[in-house]
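Could you put together the complete structure from these sequences and hints?
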Amino acid sequence: METVRKWVQVIIGFLTNSSWSFPFTNVIYQGPLKVICAPGLNCYSCPAATTYCPMGSIQQLLGGLRFALENGQYYFSFSVFGTIGVLGGLFGRMICGWACPFGFIQELLHKIPSKKFAIPRILSYGKYMFLVVFVVVLPLVLVDEFGSGSPWFCKFVCPAGTLEAGLPMLLLQPNLRNSLGLLFLNKFVIMTIFLIWAVLSSRPFCRTACPLGAFYALFSKVRLIKLQLDEAKCTNCKACHHVCPMGVKFNESPDDPECISCLACMNKACQFDAISLEIGGIPLATPNKGLAPVGKS
Amino acid sequence: MSQPSHELRKKRPIRKAPFVVIPIFLILWMIGVATGEPARVLEQAIQVCLSCIGIG
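Note that the protein sequences, when read in sequence, are chains A and B.
Residues 0 to 296 (numbering that gives the first Met the number 0) are what the first sequence spells out, left to right.
Residues 0 to 55 (numbering that gives the first Met the number 0) are what the second sequence spells out, left to right.
If you are wondering where the hints come from, they were derived from the structure by calculation, not from laboratory data.
Don't take each hint at face value.
Derived CB-CB ranges, DEER-like [unchecked claim]:
id, chain 1, residue 1, chain 2, residue 2, range
1, B, 16, A, 70, 35 to 41 Å
2, B, 29, A, 195, 42 to 48 Å
3, A, 241, B, 12, 28 to 34 Å
4, A, 5, B, 16, 28 to 34 Å
5, B, 12, A, 110, 40 to 46 Å
6, A, 5, B, 38, 32 to 38 Å
7, B, 12, A, 29, 46 to 52 Å
8, A, 191, B, 16, 39 to 45 Å
9, A, 120, B, 29, 37 to 43 Å
A virtual CB, placed ideally from N, CA and C, is assigned to each residue, including glycine.
As structure tokens, this is what we get:
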């Protein structure tokens, strides 16, 4: 199943970044596919990006809301929130585990041999702050003399944007290097910190700072597809604790907002068939175990 | 003795919450589409936002 997940990550990463004409044209993809929302965090200024980033679009729309309202345009980001809300209702943070290119990059970095460190649970609340403050409040509230707000998260934090868009654009368009300043230095330092941290800890950006992950985490209890625990079969052996890349203690918190449904606990750890995947309460048949167990007998 | 799969399925009730949440966001999406948001999103997404990626 881990191989399947890796292939899904590669395929979705490729589909959301499938415009490979940029080395010849030196410009980003500008076709109609960019009206489609990327399920994961994927900067739309990336030269190969064929879809838009939901977090970037929300900030842009909210930043321009005053100007839009003055012109009778009601751009409250409903279409973007609606899209990621439907995705969240269906999959929740399963998207982080299966469809986010930046999550995949962090997973690859974490394979580099080194001493590994846990991430304190309290840092996981940081991403909710980034979602509320940097993605919604600051673009809405802090506006310039023309009434336009900035995309604060993209501008000052997002390491995915620096890696997927900033650095490639600097390579493609050398004249942009003249514009580099403190803003880029700040973002370059943040990106470097997260990339090094990803070698030492599992998915540090997803766990501490990703606003999209924070949004999908809100659906942890109500999403259609999720893992379930059969308490009758669980022996509290804690084997699931040791394999989880997100630091979830699944037997203690089956609806944990950090769970990305990578299925490591189900396939690699649990020897007692206590963990299974379910859709809307109906257990799915698992490849090796037949029908998953249901409830207490 | 193991029970047939259809009996096992009957025991756990279907969770209703996803079937409430998903249509709510679907309606939200439709409202956004009706106000013409996708055209604005496309307009933004086909341009490089230099300040967004730390340049300029």
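Range hint 39 to 45 Å (beta carbons of residue 191 of chain A and residue 16 of chain B) holds or violated:
holds (41 Å)
Are residue 5 of chain A and residue 16 of chain B spaced within 28 to 34 Å by their CB atoms?
holds (31 Å)
Should the hint that residue 5 of chain A and residue 38 of chain B are 32 to 38 Å apart at their CB atoms be regarded as holding?
holds (36 Å)
Cβ separation of residue 12 of chain B and residue 110 of chain A, checked against the hinted range 40 to 46 Å
Between residue 12 of chain B and residue 110 of chain A, where Cβ atoms are some 41 Å apart, the hint holds.
Whether the CB-CB distance between residue 29 of chain B and residue 195 of chain A falls inside 42 to 48 Å:
holds (43 Å)
May I ask you to test the hint 46 to 52 Å on the CB atoms belonging to residue 12 of chain B and residue 29 of chain A?
For residue 12 of chain B and residue 29 of chain A the Cβ distance comes to about 49 Å; the hint holds.
If I claimed the Cβ atoms of residue 241 of chain A and residue 12 of chain B lie 28 to 34 Å apart, would that claim hold in this structure?
holds (32 Å)
Taking the Cβ atom of residue 16 of chain B and the Cβ atom of residue 70 of chain A, is their distance within the range 35 to 41 Å?
holds (38 Å)
Are residue 120 of chain A and residue 29 of chain B spaced within 37 to 43 Å by their CB atoms?
Between residue 120 of chain A and residue 29 of chain B, where Cβ atoms are some 38 Å apart, the hint holds.
In summary, this structure violates none of the numbered hints.
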